[in-house]
Amino acid sequence: MTKLNINEFLHGGDYNPEQWLDTPEILNQDFALFKAANINTVTVGVFSWAKLEPKEGNYTFDWLDDIFDRVEKMHGHVILATPSGARPAWLAKKYPEVLRVDSDGIRRKFGGRHNHCISSPIYRQKVHEINTKLAKHFGKRKSLILWHISNEYSSVCYCDLCQENFRKFLQRKYHTLDNLNHAWWTTFWSHYYDSWDEITAPGPKSETGNKGMNLDWNRFVTDQSISFIDNEIEPLKKLTPNIPVTTNMMAGGAELKVFNGLDYQKISKHLDIISWDSYPDWGNDYQSTYQVGMKVSLLNDFYRSLKHQNFLVMESTPSRVNWQNVNRAKRPGMHELSEMQAIAHGSDGALYFQLRASRGSSEMFHGAVIEHRHPQMTRAYHDVKKLGEGLLKIKDAVKTSYVKAKVAIVYSYDNDWALANCESYSSDKKYWTTIKKHYRYFYENDIPVDIIGPDDDFSSYKLIIDPMHFLMSEAYMNKLRTYVKNGGVVVGTYISGVVDDNVLAYMDEWPKQLQEVYGIEPLETDVLYPSQSNSVLWGNTTGNAYDYCETLINHSAEVLGTYQHDFYKDIAAITKNKCSEGYGYYLACRLSYDFLEKFYHDLVLKFDIKPDYPIRKYTKQITIQVRENSKYRYYYVQNWSTNTQSLDITEPLADLFNGIEIIGNKERIHGYETKIYLQRK
Amino acid sequence: MTKLNINEFLHGGDYNPEQWLDTPEILNQDFALFKAANINTVTVGVFSWAKLEPKEGNYTFDWLDDIFDRVEKMHGHVILATPSGARPAWLAKKYPEVLRVDSDGIRRKFGGRHNHCISSPIYRQKVHEINTKLAKHFGKRKSLILWHISNEYSSVCYCDLCQENFRKFLQRKYHTLDNLNHAWWTTFWSHYYDSWDEITAPGPKSETGNKGMNLDWNRFVTDQSISFIDNEIEPLKKLTPNIPVTTNMMAGGAELKVFNGLDYQKISKHLDIISWDSYPDWGNDYQSTYQVGMKVSLLNDFYRSLKHQNFLVMESTPSRVNWQNVNRAKRPGMHELSEMQAIAHGSDGALYFQLRASRGSSEMFHGAVIEHRHPQMTRAYHDVKKLGEGLLKIKDAVKTSYVKAKVAIVYSYDNDWALANCESYSSDKKYWTTIKKHYRYFYENDIPVDIIGPDDDFSSYKLIIDPMHFLMSEAYMNKLRTYVKNGGVVVGTYISGVVDDNVLAYMDEWPKQLQEVYGIEPLETDVLYPSQSNSVLWGNTTGNAYDYCETLINHSAEVLGTYQHDFYKDIAAITKNKCSEGYGYYLACRLSYDFLEKFYHDLVLKFDIKPDYPIRKYTKQITIQVRENSKYRYYYVQNWSTNTQSLDITEPLADLFNGIEIIGNKERIHGYETKIYLQRK
Amino acid sequence: MTKLNINEFLHGGDYNPEQWLDTPEILNQDFALFKAANINTVTVGVFSWAKLEPKEGNYTFDWLDDIFDRVEKMHGHVILATPSGARPAWLAKKYPEVLRVDSDGIRRKFGGRHNHCISSPIYRQKVHEINTKLAKHFGKRKSLILWHISNEYSSVCYCDLCQENFRKFLQRKYHTLDNLNHAWWTTFWSHYYDSWDEITAPGPKSETGNKGMNLDWNRFVTDQSISFIDNEIEPLKKLTPNIPVTTNMMAGGAELKVFNGLDYQKISKHLDIISWDSYPDWGNDYQSTYQVGMKVSLLNDFYRSLKHQNFLVMESTPSRVNWQNVNRAKRPGMHELSEMQAIAHGSDGALYFQLRASRGSSEMFHGAVIEHRHPQMTRAYHDVKKLGEGLLKIKDAVKTSYVKAKVAIVYSYDNDWALANCESYSSDKKYWTTIKKHYRYFYENDIPVDIIGPDDDFSSYKLIIDPMHFLMSEAYMNKLRTYVKNGGVVVGTYISGVVDDNVLAYMDEWPKQLQEVYGIEPLETDVLYPSQSNSVLWGNTTGNAYDYCETLINHSAEVLGTYQHDFYKDIAAITKNKCSEGYGYYLACRLSYDFLEKFYHDLVLKFDIKPDYPIRKYTKQITIQVRENSKYRYYYVQNWSTNTQSLDITEPLADLFNGIEIIGNKERIHGYETKIYLQRK
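Chains as they are written, first to last, in the numbering used here: chain R, 1477 to 2157; chain D, 1477 to 2157; chain Y, 1477 to 2157.
If you're looking for bench data, these hints aren't it; they were derived computationally from the structure.
On a predicted model such as this, the values are computed, not experimentally measured, just so you know.
Mixed in with the good hints, there may be bad ones.
Identical copies look the same in the list; a pair holds intra-copy or inter-copy alike.
As the list claims (entries may be wrong) - Lysine to aspartate or glutamate pairs mimicking EDC-like chemistry, simulated, CA-CA at most 16 angstroms apart: (1) Lys2054 x Glu2034; (2) Lys1531 x Glu1674; (3) Lys1585 x Asp1673; (4) Lys1570 x Asp1673; (5) Lys1569 x Asp1673; (6) Lys1585 x Glu1640; (7) Lys1569 x Glu1674; (8) Lys2054 x Glu1997; (9) Lys1955 x Glu2057; (10) Lys1569 x Asp1670; (11) Lys1988 x Asp1976.
In isolation and in its complexed conformation, chain R is listed as follows:
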């Protein structure tokens, strides 16, 4: 795996000089402003295909050479993108098969972006050609530090070729139609296939209800995208083996959920560096800054965990976005707070979309370091400049990585897809929201957490939280059992171990492995309407149970909490099971956070999970994250409130921004401020 070779935090972001080639004064101004703002990195080439190859086979790289020259003159870095995110018009005209077919069977016309057919041989060939040219031409540039392939992959196409590739994918996977018919349980609704060519992609004009087929389609889309990605990477690796490769990943929606159109856990194996585009709804009127910060924190931990190494926030806005219902700009202080948060969690820089605002078209009003008017007077520019100064002061910290977490939460793409597709329980199962709710305890108590996939190594964790794990393969359950038997602690919940990896129900009894781990078996899931609830008594604590309440068969578990109402009054709701050297805790119902908090508080004490920091805080509005290397620990302390807060420093630490050593209870941290304290090991 090729590493990112830098000795300072990256500061900069997406830059589209091709929009300004006719106005060199703009380019001059840009680089002057970059320098003044301590910007050291530009991401170029995203969507530049029409300028790089204006006519088929006619490559014009000179304008980009000039940009490299300018960057190198300021001793900066270039992240070079491959241009496949949007094709030139000539290519769509000559090869219309590169355009995507929608699920209604209608082929799109030229326009938009991120909408190519992921199978088209000619598109792959054209991408391979230009990537090869780019690698040959720019591969030796000393400023080139990273390949940024394409942009925000999110492909799905229903053309005949993609359908044919779906069938090939199924043939590779199942070998025989009998296997496929069993896995998809096609005896249901008379859906038995007697020949491969009877199979079409699921969709509104064909089939939507077959769970196995739907899941395989999700997997195929990832598989086919990986094959597209590998084709992109192949010439880069061949010609520039020392330049690492990334692609920018996504999260979105009101709950800032990780993008699940593609299995990022699988894709990450084909990349050297993980990067993502972070666009939270800072400053909204339905959540506090602290709450928004928690949503982002979870994502940062997710992306860091993909390869268990530092990552990059590849895009973030210096002020506002342009696609929310309300596009509010970051409030004063929020820029530094948010960018430092990412760094605290393992980002090796602060990169923006965009450095220079486009003069026209879709994203012209997306926030930019350099705005259309009075660029040097905007809050965004001042915030960026200030952050640049800060990053310079702490540049030694870049060679650190995050404290190894003792706690992991499992998120599985197969499970996410299967839950969304399972037509039972209730229509919104809130898988990601539930992950976030369990995460919250650790966030509020400054305990590092990894967000891992089912294929990750479990052995280094003291505690694994495995919520709503509806779809579990045999292999996964074996691994989980081994982990617990060897002394691990696992917390499982309602709606787990229901189906295998073909979305076929486990029959007769709950899988043996889970019985061993948890000592119980779920019997019935009571699904509640929004205004209905039960309550659970645990010791002296009563908590609210809602949405899902399972009844359990108890084989060997200790009952910690019991239901207080309804036909399952006094039945076990929370259990604990000793399994060889480890423990399996089971939460049979969805619990209110105050209850979860107490639950995890006890667990963390019992298993000694909480790290001992030389910093005491007096409010949850303060968060503490640690990055360390062999010699030092760096404590990133952030104040998510707008008020000044007090800290106690219990061991001598150095303030990284000013080098002053401090200890005692006089430390103050201002609203939205970030402090970094250095501790020698």
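Since chain R is already given, all that's left is putting chains D and Y on it; use the hints.
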């Protein structure tokens, strides 16, 4: 009309052994569990086409023979379905014209169910062939009691052939284009047709606003479906003339409205037995159990009235469904309460979807008697077993039919379609909700009601309620007048008699027949916004009037109630008219229920409509339904509350479950309990 | 420009005798009822094509001759429509290319109306032919006073020919692809076009995000519609040069926004007379009558301003519409109040849709002067008759035109489109709502206002309000500067002068012209969530600021108000700038109405804008509008409350309805009453 020949209540339901042919231990377990739960009936063959005819012309019935053998060994019954609800993949591949074309003109691909073209000659031929084979092969089986043709018919297709058949339907109906142009009033918007081939089906890509055309399209879809159904039935009747035929009908939506994609009143004439699939939202958080029970009661009465004979609940869930936003299971006691309710209203059994949960695909999590895991331990299985025991105890009651109702409410499909399509008044006219509101009085007062169509015989009813009868044919109005003149009592309401059966407005004056019946003429309908209302004074009672308030021209009616506000203050709102031997009551406005209650209370007293039961109740949460035969009356008393309630028994009655005779005021009925009292005539 | 030559108010409306040719008694009844109700005008021919040309080239005009005869017999007027709003079935069958293609690329089938291809040569030819025939046949009729071309133009079509015409439009506009690529800023997302045929119309299956392209598509649709309109008008002008031409325009939606599918300001140049269809939601439960009246008032002013001459309300309902969620009829008195309101604002008549209700099809339940049943007994008929009597009494007033307004509010179609399409700020920018809010002050204070376009002459106005003028051309800004320099007063707001007429951002600084006018430059627009706000202090008044708060660079302006909170506390929020002889006021934030009211109150006083009427009112529920000619002023005083109100008459005036002269403080005006006072100049 062929009768259902049974001497016990049917107990069982949909069973898909074809999913388990490779696991005979499952089949063995199933039949052991059936026996233990007093299940005596299996519905097989629904969606089994691919197993019955895996390749074209290659029939494999042996596996189903085995199931018949097993059923007969336990002296049970088989309901055999024809498989047209879902076609095999080979059939769709070889004959793509069997696949439906959507209203956008795009033909669907293979997948789903209930989505064949209803015109396709080859599909009809293939269905006819397999139905013939099934009848030949299984027709002599002693366990075969009922044909279940297809499943939940709900067809509409826009292919060229269906369009051609629509035109033929129109030619048969109108003979000349002049007739059609007049009926559709095509002078409006220049829509005059000069040749039949200019006519296309209404839809989003053609015409949506022509009311006559839309209504004829609705009628055509029913007509074409009946022709499809007749084709299915033809070989069954020929080969097994003594086996009755049914198909399962539907209701749905938040208000549990009867399915109105097809005119069930017309279709029922082509069937021997009526059956329906009953899936209420028991246990929700927006209605009481009592209120949900009323919704279902109305449907049971509707389906019983279709042929004025006992019916079957063909599907119901033993626990939960899988397609609601919140799929809550029945609470303890609800299973017996709900299944006994259907029997009280005339169902000859309790049948479930499904006996054994599918292991995969769309409905795998729909409630089942036999669930995936620990099937004998589930609440559902215990509930089913308990009900089975109860049904055995009351098996003598199966040969009874319902008390003939003296009250009928008219529901007309043509009217429902015309109201939905009339672009006036307000967008949601609440026709079914209004029927339910009038029904409520009778439900709460244990007065049997039939829900009849405009073509039904009126002569046996003392009271006919005819709400919102916007579209009335001349024939209907003549019939209504005759009924009233002969001593009948009718209650009509606002928005009645507005258009004829071509949805052409009645001109000049209100139809003479209605004037005679009601003695008034509606002049203007004041349409109110949701927060607006008027009030009506009747004697000392004031009630709320909302949504619709008509002003009337009074020819001969007695004014019972008058408006209290607005420009129609003091004008008649409720009238009563003597018409020969009968009476016509007219409610000119939509009234609050408390007012309707008083209105019907007076009417019921005046016309001696309330039956005199030997049972007194002290709360509306108790309902009483009667089934009777020549010798006995069976009183089904049900407690819709969760509390124990008291009853007074005023004549000696026998408790059918334990044979004990009772009289007096000490009778107790537990929460959700059903009592059946036997009274010798 | 041809004038409408009438000497009485037009009273009548849409009439479809072709629906009743088989029932001459209906036609006789109609004309008897017209006469009794003082109806003097019928609009005929809308949607009559199938009756006028039942087969291709076979014209049958005799039935319409008869209608002309009948009208002329009663000395009435005919407005004759061209029939292109709906084509006959034979035409669609023979020339399917006349049917529109939707944005999904699917061509529609026959049905509906207003859905022809606006490019189709054959459709244009057929329209030209029938228009020629109509003009030849009816052009000499003395009753013919106005051509009503087509109906409610609202065309957009995506067929290949329209796409080709779009490209031609672009070629005419840009001449070279370089120009187009620059204007559309196609370097963004690699959208550079190297050949014209690569360009397709924007839409869901191609491109939606290019702002320049979207705006040009909007302009093209107007341009292509104008070319269609010109083709319609050409034979009419040639054959009947003295008959003016109109087409009926629209407004709609909950806020009664002017239709913006076509640029009416451009189209108006091709018409002689402006007319519009006025369908407010009178009597709803979310706004007072006074508030609904204000919405309509604004529209009347908009349509009058299109050509700065009197206009016509071409359609209005005598009672109710049939397409709202709740179709409530006008309350007593509302008909006169609403029709007189239009006349007060410059309408030369009261015209209805429809005179006679259709017996069937889509609009059969739309309110009509003559309803289906007991037509002479309806409220609508009585209201119409009463209004007819009133119009007769005031017929002398028809030769007046509206008082020339000293105040204008700018509404720009380009700006409306660009704002809707700008993907920034917040998703609903409320442009029309903002115009209405500024308008409110003048409405409540009886100050006449014009609603003008950016190309209108500014010189006659004392005050121009120019809200949210996001897109401004250089020409516009020059004009605005000249206007102010010459002594004009302008009020501008947040989100103005951001982009040029290609939707390209103004770079470097705010346009010089605007700096000169306002003495400031906007720097950042703070976009607030719905529950967030700031406040502004101006003198002793504090007002709420919400949605948008800009920060300003102040060059030379006087600061009138400042923000009170957040990072821009104490920064200028309201400024005033002296610019040569005039003033530029800038409102940097969206302000609550109470604040705007005070702002305009001061402005109106300062610049002596309020006319001095000889009438004093004591409530805002009274409105006063003036129409005048060289000799007289007519004061239209309307009472929007249901209570009687007092007026003081300070100079002798004559009540136009009864001729009585009045002065003093005893005048009473009843609820919903209209008084017209005559003042000799």
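Enumerated hints in conflict with the structure, sorted upward
Of the numbered hints, all hold.
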